[in-house]
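Can you build the whole structure from these sequences, using the hints too?
The listed protein sequences correspond, in order, to chains G and V. So the first sequence is numbered by our numbering: it starts at 1 and just counts up by one. So the second sequence is numbered by our numbering: it starts at 1 and just counts up by one.
Quick caveat, the hints were computed from the structure, so don't treat them as lab data. Model, not experiment: these values are computed from the prediction. Treat the hints with caution; some may be incorrect.
What the hints assert, rightly or not - Below, in silico cross-link-like pairs of lysine-lysine (DSS-like), each with a Cα-Cα straight-line distance of 25 Å or less:
1. V:K903 <-> G:K128
2. V:K77 <-> V:K162
3. G:K128 <-> V:K877
4. V:K877 <-> V:K903
Below, each chain spelled out in residue letters.
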Amino acid sequence: MSISWGNLSVRVYAAEAWVSLASRFAEERPEIVDRINEILQDEEPAVRLQAARNLQVICKAAPDQMWSIGECIAASETDEEVLTAYLAHALRRFSHAEPERCERILILAKERLSEFSDKGGSGGRLQKCLGGWAAQLHAKQGLLIFTEN
Amino acid sequence: MAFQAAVATWFAVHILARIPVGGRFNVNNQALPVTIRLETGTGLDDIEVTQSDGGALHVQNKTSATLATGEQAPLTKTGAQLAEWIADAKAAGGAPDPTSNAAVLAVRSDAARTLDDLEAGCRAFDLGGDWAVTKGGRNGAQRRALDALETIVTKAWTAVRKVAPTADDLTDMARTFHVARFSMDEGDTDWREASTLLGRHLYGSDAAGEAPLRDLRGIMRELIGNGAPANRDGLLRALRRRGHIDVGAPRYDEDIGRLRSVTAAELDRLAVHGELPLAGGITITRESDAPMVTAIKGGSLLVVGEPGAGKTGTLVHAAKSLIAEGALVIFLSVDRFPGVAIAADLNSELRLGHDLVEILSAMPGSQPRYLIIDALDAARGGLSEGVFTTLIERTMTELAEDWTVVASIRTFDLRNGRRYRAAFAGTPANDAHADATLGTIRHFSVSRLTDGEVAAAGTASAELTELLASASEALAELLRNVFNLSLAAELLADGADPAGFAGIATQSGLIDTYEDRRMPTTGMTQAAAEAVTAMVASRRLAVRKVDVRHVDVDQIIQAGVLAATGDLVSFSHHVLFDHVAGRFYLAWHDPDRLIAQLDGDTSTALQLAPALRFAIERIWSIDAPGRPQSWKLVCDIFSATKVDPVLGNVALRTLSNNVTEVGDLAGLIDRVAATPNDSSLASLVNRLSRFVSMEIEATRSVTPECAIAWTTLSEKLMRTDRLPLIDPARVLMHALFEHGDFTDAVLLGIFGRAARAMLGFAWSHSPPLQAISVSAIRFVGKSFASDIAASRALLERVLRDPHFSQHADREAPWLTEQIMPIAAAEPTFAAEVYRSIYGQMITDTATSALGGALSRIMPLSSNRRQDYEHSRWHLGKSLGDFLAISPEHGTRAVIDAVIGKGKIEGYSEPDEPVVIDLGSEKIEFRGRDLEFNAWDEEDEDASGREDDLLANFVKFLRGSNVNEFSKSVAAASRDYATASVWTRILGVASERVGEIGDLIWPVMVKPDLLENIDTLRDAVRFVAAAWPSRTSEERKYFETMAVDDTRHLDEERKKRWHRILARLLALIPEEELVLTATRDLRRKMEKDGGLEENRPNINFSSSWDNHENWEMEQLRRDGVNMESGPNRMVFDASNALNVKYKATPAESEPVALAALWSDAMAMTALVDDNPALHDQVDRSAWGYIAHAVERVASSPNYVPGADGLPDLDALFAVLGRLSSSQYPETRETEG
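Structure below.
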């Protein structure tokens, strides 16, 4: 099943707004970063999804926090789609610039594969995502990450 | 508490001043107090002081104790704790040693005098003795005091152990127990003593201790209840934080003075490294000086560089700069300590009384501290290397908070120094001064002199200016090395003629000239050779002069070749040692003797490695064409069993660096042909290939002559058909594959032959050699143009069964990676690759290791199908470039790929082909690519895929010129195509109608593209866009066809055509139509409301018609009054806000966004004013508010506070409310 939400899911749209503001204003207004962090604590996956798949928006304002939040998502996000969205959208942007940090996060996620073994008929969404990542790094970055000792 | 802090302060002062306290409590007075802890929670827990001998002092503070034994009496409490402590310790295996441990009752100086009797009574037991007998021998007052203690401890002991203490137990307790008076009020005896000690030992004078002592008491107060131990360093830091900067280190002052004077002497001795010996000394100023100081301030690092680069000079400069800024710098040169084998030797050579790291730790003050160690490479693998490595490791771990370690080393020795690499693991300290091969090491690379630096040095001396002006390119490059420049300067200072340098092209040549001038007699060169012999024998770079067994040794010292320090001599620069060893010690003229000289372990090898480089260069320079002697020597070194591999590698590297053209490899190629089965030759070639590869990778370039040389060697290796020689060929070719210039036809030809031979070889094995075959496929692809027929014949095999089914998952991605060189050489084959790759699939989902072999870092696995799909990714993303090379074949590739993909992915059964009449010819539309949205509508979820074939086709169509577009259309007008390709041709043609209109219009003389359900929307768009530029004849022809109802076979088809016309006529104004019949038809359609919007046929976005009414009805059914009242009011306002939201896209002007914001805020106020709304109404209202606010916040035109838009505070406030909304409730979303 995919996450879906109603037209009137207020917190979802609020989350979208915070995400949009983050990319423009988070450097001058660091409280936006706190908001993004709060969004990721929301009980609703649909709300968390907005921040998870766009976490790169705090890259300039709070790079270290972005990575540590990313590690938290990889290590503890309970919804497979939210986790996958983070890996496939937000994290993917750093595949060239920060392959080692990406790999660390991917390893965290990979260790949790068994928690999501085709739960809810997703067809192994996380597994596919990790496969896709691997494919990208494999094809574009000349195997560096996966075959170097 | 105040008394406790005061007593603790007294102990802390002794810790800081490193003065024993044991004497006061009759325990070991050699031991030093080490840590202090307050309120330990165990035993006598007010204060615990640990001692350097492992003992401890447990102190309880009672300002006014007496001998009273009542339950609440102070002595009762202390005695009870004493009894519990000793009882527990004895039960656990023995009483604490009374010579190093003490239980102390600390009392004020004015406490009861009877306590002195107790102390004297207890001390009577210090030498042992029976309890009753010894006690009986004391005077009455002491007996009473001991009785009181006995009463107290017996009661407590019995309570703990359930039996009374024995006489021995009582004796042990008395021996351990002490009463001490402390007078620590300001001005009292103990206070004064503490103040004097502190001032004298740490702060420069006896009088300087008062203020720090007061603050120390404050520090002790803070420690109470904290339970954490404080040691000397911690106490010092705490005092420094309060502004008390220590200037002395008790017991270490002498050692510290020694280190300071060694540093001063070294900086003075080495000052010459920053100068040229001309015109009274020319200072060499380096552009890297300031960046290096900054880098050093950023943390510990290695300074690296080639021999003679000027590492020492820059380090000396850095040290002086840091000292000038007030930093504490200790500077040691490894080459000053040739005989050091263990740490104690170093301490002894420096005449230190303590361990060096301990002294560094004791250094007073709070300024930044740097330990600089120059010339680590001088250790050359000898025993001193371990000493200095350990010193670095210990300083970096034990003193990391205070000390920064900087060490210099030659790049070569660093590559061989695992411990150095581990100690300085990190990233380069400054990217502009980094060595690309040392990416995982925190280092600063000292490079050769820049033009500016050389020129600046030259301006100070006329001779140097003349030399620099007349220098050949090779000599000028040599003089960028500080050592070389210094040699040249020395020669000039000797009176050498600058013109005499003309023939010098190598460092060896320059040093030859220097040596010839400074050592003009045979005797002197023999003495130099003897010096090397002695140094090699002792594995040191400095030896006793007396051990150099030649009388002319004094002459070469006089000449400055050797430098004497006391009884020791060493070469004036390490490079000079290397060169003299290479020229006068190593028997380069006699290979057998030379190999015998190289026998030895790794430390010998490291000492001689740089010398061997000079020897090999000498052999190379006098060798015959083809360099047979040089290659023979290296082969012999590789087959010698007793020569350390380090030397083989140095020799081989020297040769590989000297190869400039294929002739230089003839000696090696002959050997490959003659003895292909020689295993040491295979090992040599294997190593050689890796050196060459590393060199090419490091510089990312290779000269055309070198590229041809190494490719030729690869081809010769391939011809041997010997696997051990083929892998080296693969490594060489891979480096050339990445960095060679394949526009060079000669290189392309040789590379192509070698590549095809390699692929043939790999496939001739069963099973095929996987690693070699994938490399070879890439190589053949890259050199496809070298022999199109032969390359194609080979690569076609990748695409055909049975090979395809067995290997395509591994091979196809590499073939497709090279699609561009293939397309450039043979576009028809490239199109064939697209057709085959998209038309076939590996359906096997068996697990495969990603990247071919399981990674140890991240052992992700893939499956064969996923592996195969990489090949589609390559092709998809390369399509744009292919179309640019060949619009015709690129377009056929898109068509075949789309058909193949549709068939393989099978999201719909292939339809029967539809025949489309394009006027001039008929084609088939094959396959059916169901598209969820119109091609030109943004699909957020799929946008931006770089391998999207059709998206790349559109990019091409939009960016191509008319000729290219025309070729693409011609290709799509042949045999068969797909509707998806034609929708894009028509769509882009409608966008570019001014240029493309005439090209495409002829296909519109037939109605087929308009009638086809997939192409009709874009066909209508095109006709409408092209219409204004059509001639009246063309319009008439088209309109005649359009209104000719006789061509429809039945009424249904006629109706359908009229719906299509309705879309078209909606876009063409009546006055632009030429036939009356068409105008009439349009007018009628308009009147009947029949004109239709030209919408995409399939659109997954849908809207509720009359949603509001439906919702209102639901609410009514729920019993809500929807005729009037607050629910109706909010409901209407919500819907109005929603309408406004829909009419205000994100790109709207700020004014429109501000109006939306204003309505949203009004809506918020309305909802706030009506708290009892029906859930559904409340929810809709908040939902639409959220939409509107999100629209404003996300708009690129939102500028805080501008044009009526909210500032960030206002926006944050509203968003904060929305973020805490109850919607969505838990069941609302599905996860």
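**Message:** Just to be careful, I want the Cα atoms of K877 (chain V) and K903 (chain V) compared with a cutoff of 25 Å; is the pair within it?
**Reply:** Satisfied, since the Cα-Cα distance of roughly 21 Å is no more than 25 Å.
**Message:** K128 (chain G) and K877 (chain V) were given as a pair; does the straight-line alpha-carbon distance stay at or below 25 Å?
**Reply:** 21 Å, holds
**Message:** Does K128 (chain G) sit within 25 Å of K903 (chain V), going by the straight-line distance between their CA atoms?
**Reply:** 23 Å, holds
**Asked** Does the structure keep K77 (chain V) and K162 (chain V) at a Cα separation of 25 Å or less?
**Response** 19 Å, holds
Violated hints are absent here; each numbered hint is respected by the structure.
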